[in-house]
Amino acid sequence: MKQYYDFKIEKIKDLSSDEIKLRKKNLDLFYQTGFPNKKDEDWKFSDLNSILIKNFNNITNNDCLPKEKNLKLIEEFEHNFISLYNGRLMSSDFAHEEKNKILIENFNYKKEKNLDKKNSLNFLNHALASGGFFLEISENYELKKPLVIYNNFSNSQKETIVNYKNLIIVNENSKLNLINYIDNSSKENFMANTIENIKMKKNSSLKNVLINNSGCNGYFYKYLKSDLDKNSNLENYLISSGFKFNKIDIEINLNEKHSSSSVFSALNLINNEHQEIKTRINHNATHCRSYQKIKNVLHNESKGVYQGKIFVKNIAQKTDAYQLSRALILDDAAEFDAKPELEIYADDVKCSHGSTSGSIDLDSIHYLKSRGIPEKEAFQMLINGFLGEILEQLSEGKLKNFLIEKLERQINGH
Amino acid sequence: MLNIKNLEATIDNKHILKGLNLDINPGEVHAIMGPNGSGKSTLANVLSGKTGYETKGDIKYNGESLSQFSTEERAQKGIFLAFQYPLEIPGVNTNIFLKTSLNSVRKAKGEKELDTLSFLKLIKEKASELGIDEKFLSRQLNVGFSGGEKKKNEILQMKLLQPKLSILDETDSGLDIDALRIVADGVNSYKNKDNAFLIITHYQRLLDYIKPDFIHVLSNGKIIKTGNADLGVQLEKTGYSNLA
Numbered sequence: 001m002k003q004y005y006d007f008k009i010e011k012i013k014d015l016s017s018d019e020i021k022l023r024k025k026n027l028d029l030f031y032q033t034g035f036p037n038k039k040d041e042d043w044k045f046s047d048l049n050s051i052l053i054k055n056f057n058n059i060t061n062n063d064c065l066p067k068e069k070n071l072k073l074i075e076e077f078e079h080n081f082i083s084l085y086n087g088r089l090m091s092s093d094f095a096h097e098e099k100n101k102i103l104i105e106n107f108n109y110k111k112e113k114n115l116d117k118k119n120s121l122n123f124l125n126h127a128l129a130s131g132g133f134f135l136e137i138s139e140n141y142e143l144k145k146p147l148v149i150y151n152n153f154s155n156s157q158k159e160t161i162v163n164y165k166n167l168i169i170v171n172e173n174s175k176l177n178l179i180n181y182i183d184n185s186s187k188e189n190f191m192a193n194t195i196e197n198i199k200m201k202k203n204s205s206l207k208n209v210l211i212n213n214s215g216c217n218g219y220f221y222k223y224l225k226s227d228l229d230k231n232s233n234l235e236n237y238l239i240s241s242g243f244k245f246n247k248i249d250i251e252i253n254l255n256e257k258h259s260s261s262s263v264f265s266a267l268n269l270i271n272n273e274h275q276e277i278k279t280r281i282n283h284n285a286t287h288c289r290s291y292q293k294i295k296n297v298l299h300n301e302s303k304g305v306y307q308g309k310i311f312v313k314n315i316a317q318k319t320d321a322y323q324l325s326r327a328l329i330l331d332d333a334a335e336f337d338a339k340p341e342l343e344i345y346a347d348d349v350k351c352s353h354g355s356t357s358g359s360i361d362l363d364s365i366h367y368l369k370s371r372g373i374p375e376k377e378a379f380q381m382l383i384n385g386f387l388g389e390i391l392e393q394l395s396e397g398k399l400k401n402f403l404i405e406k407l408e409r410q411i412n413g414h
Numbered sequence: 415m416l417n418i419k420n421l422e423a424t425i426d427n428k429h430i431l432k433g434l435n436l437d438i439n440p441g442e443v444h445a446i447m448g449p450n451g452s453g454k455s456t457l458a459n460v461l462s463g464k465t466g467y468e469t470k471g472d473i474k475y476n477g478e479s480l481s482q483f484s485t486e487e488r489a490q491k492g493i494f495l496a497f498q499y500p501l502e503i504p505g506v507n508t509n510i511f512l513k514t515s516l517n518s519v520r521k522a523k524g525e526k527e528l529d530t531l532s533f534l535k536l537i538k539e540k541a542s543e544l545g546i547d548e549k550f551l552s553r554q555l556n557v558g559f560s561g562g563e564k565k566k567n568e569i570l571q572m573k574l575l576q577p578k579l580s581i582l583d584e585t586d587s588g589l590d591i592d593a594l595r596i597v598a599d600g601v602n603s604y605k606n607k608d609n610a611f612l613i614i615t616h617y618q619r620l621l622d623y624i625k626p627d628f629i630h631v632l633s634n635g636k637i638i639k640t641g642n643a644d645l646g647v648q649l650e651k652t653g654y655s656n657l658a
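Just so you know, the protein sequences line up as chains E and W, in that order.
The opening residue of the first sequence carries number 1 in our numbering; numbering runs sequentially from there.
The opening residue of the second sequence carries number 415 in our numbering; numbering runs sequentially from there.
Because the hints were derived from the structure by calculation, they are not lab data.
A few of these clues could be false.
What the hints assert, rightly or not - Straight line, CA to CA, 27 Å or less: simulated BS3-like cross-link-like pairs of lysine-lysine:
| # | chain 1 | residue 1 | chain 2 | residue 2 |
| --- | --- | --- | --- | --- |
| 1 | E | Lys-400 | W | Lys-419 |
| 2 | E | Lys-101 | E | Lys-199 |
| 3 | E | Lys-376 | W | Lys-605 |
What the hints assert, rightly or not - To spell it out: a stretch of chain W is covered by chain E in this simulated footprint if at least three of its residues, at any positions, have a beta carbon under 8 Å from a beta carbon of chain E; those stretches are:
| # | region |
| --- | --- |
| 4 | 486-492 |
| 5 | 607-613 |
| 6 | 640-650 |
In this text, a Cβ means the ideal position worked out from N, Cα and C, and glycines have one as well.
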């Protein structure tokens with residue numbers, strides 16, 4: 001088999017000998033299986049190994065950073081920001097907030113325990129990760145403005161992989177709107193492999209949006225793990241069309257009663273883009289609520305995957321869990337795979353799931369055309385309507401308008 | 415304005431229109447009546463350019479062969495079809511739809527597109543003429559609208575786009591008497607010497623409000639009788655079966 005990757009821990013600076021030992025162990029674990037392939041049940045619809053083989057000659061890690069270009073800030077709404085460049089924390093600005101309420105610093109690898117072992121990409125991350133951030137919001141603090149995390153990747157990042165970890169803690173009674181914003185139009189192939197942990201304390205609330213500004217030749221994997229305490233609420237919005245490959249692996253642990261979480265997604269996939277959303281929602285306590293609505297529009301030879309699992313522990317009575325996947329398939333060569341799973345060990349629960357895929361309604365297209373609207377625009381209107389529904393429940397304002405406009409741009413071509 | 419000669423239409427191997435002739439001039443109101451399955455809606459669909467029909471014969475619109483134009487080009491050239499069953503389109507805001515529609519037509523005519531403010535002013539005015547509550551306009555297109563609201567919305571679109579030829583496909587069905595009057599008033603106030611109407615209906619009752627110049631009876635894919643407004647009244651008494 002073609003060996004298309006070559007990773008060296010020596011490229012990472014300032015490591016202690018213990019760290020090097022641990023990282024080497026993880027790299028060995030990675031090399032035992034290589035990148036995930038379809039033999040792994042979790043990856044059966046997204047054979048990353050064969051995708052990478054086709055598109056990369058030699059993936060390497062690189063800890064050297066070119067100089068940061070000028071950061072292009074979003075102008076549409078006022079916000080705080082954190083700027084990451086190839087995963088490295090470069091700068092932050094919380095001008096809208098009380099300073100002592102927010103802690104932002106580099107991710108501390110020396111403190112890291114309990115490494116995730118879900119798949120070989122996790123091992124690779126443990127072996128090679130550098131950069132990333134630690135963000136903590138103090139108790140009883142509601143951020144006045146949203147926080148944008150600018151995820152920039154250098155355009156010269158050819159055939160390299162960036163690995164980093166983030167940790168976000170939202171303390172009791174605190175509230176944050178977070179926008180993970182990827183702004184890269186690189187035509188060079190590159191990879192990003194991220195592990196992000198979110199800790200939601202009692203009564204805290206977080207809206208977590210993932211959105212990108214332009215299409216690029218990036219291959220992304222993000223393992224997003226969240227732990228929710230009593231009465232906390234986490235809403236995820238995934239509006240990230242325009243990559244070569246993207247898999248978001250979401251694990252949400254509803255650990256204490258009355259916590260709730262949701263995953264909303266609106267993806268418009270073109271050409272040979274491949275995206276997978278995989279969720280595992282663990283209902284570990286009573287009276288928790290989870291909601292998932294996944295919408296995909298597939299053009300050309302694109303592929304979309306949704307693997308959604310709801311797990312209800314035996315003690316998790318009064319669980320309310322819902323998941324729905326809807327896909328519009330616009331070309332014969334496009335593919336959508338959905339695998340909904342319910343695993344329920346409690347008896348007093350409300351769980352429902354549904355999955356539909358079909359083509360666009362041509363009678364609706366005819367109706368719009370009969371009002372003088374050109375065919376291409378009619379399709380865009382219907383797709384906008386189909387995907388835009390995902391953003392409807394957001395409260396009105398500049399942020400919502402911004403997201404609607406970005407989604408429309410993704411649909412109408414970047 | 416519209417000259418149909420020997421029109422035949424087939425869909426899914428069903429031969430529905432079997433040689434239909436019809437001439438409509440500016441300023442005229444024509445009604446087409448006929449039993450179920452006679453081909454009334456097929457005629458409306460074919461005129462709107464709906465795909466799926468195999469057609470023979472000739473349709474000229476202002477001297478040009480209609481078959482060369484797509485559905486949207488027909489609309490831009492002033493042909494309007496008020497649907498028998500207006501479609502519900504989730505996620506598409508009514509106002510945005512109306513603005514896109516109007517501006518597509520204006521653009522095709524070489525007119526300046528309306529900005530949001532001028533559009534809203536215009537649509538408010540048109541909506542109030544038809545007694546349409548403004549809040550409908552910010553809802554998703556036809557989603558959850560009652561039958562009457564959907565039909566009023568069709569007439570609103572007609573008045574907004576100002577077509578030359580308006581085809582009303584069973585616009586009266588599903589309307590209560592008040593809504594029927596509003597729809598009829600909408601049509602009557604728009605009627606002038608330069609535009610024409612083709613009203614497809616089962617019943618005389620709409621024609622009590624919109625007085626047609628001609629009534630045609632369509633049966634088995636052909637027009638079998640043409641008369642003036644009195645023909646409708648007669649049909650109401652005797653039914654279609656006596657004509658065949």
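Hint check results:
For the given pair, Lys-400(E) sits about 54 Å from Lys-419(W) by alpha-carbon distance, which is inconsistent with the 27 Å threshold. The hinted pair formed by Lys-101(E) and Lys-199(E) meets the criterion: a straight-line CA distance of about 16 Å does not exceed 27 Å. For a cut-off of 27 Å, the pair hint linking Lys-376(E) to Lys-605(W) is broken: about 33 Å separates their Cα positions. By the rule of at least three residues with a Cβ nearer than 8 Å to a Cβ of chain E, the coverage given for the region 486-492 of chain W holds, with 4 such residues.
Proximity of the region 607-613 of chain W to chain E, defined as three or more residues with a beta carbon under 8 Å from a beta carbon of that chain, is not established by the 0 residues found. Only residues whose C-beta sits within less than 8 Å of a C-beta in chain E count toward coverage, and the region 640-650 of chain W has 0 of them, not enough to reach three; the restraint is violated.
Hint violations for this structure: numbers 1, 3, 5, 6, all remaining hints satisfied.
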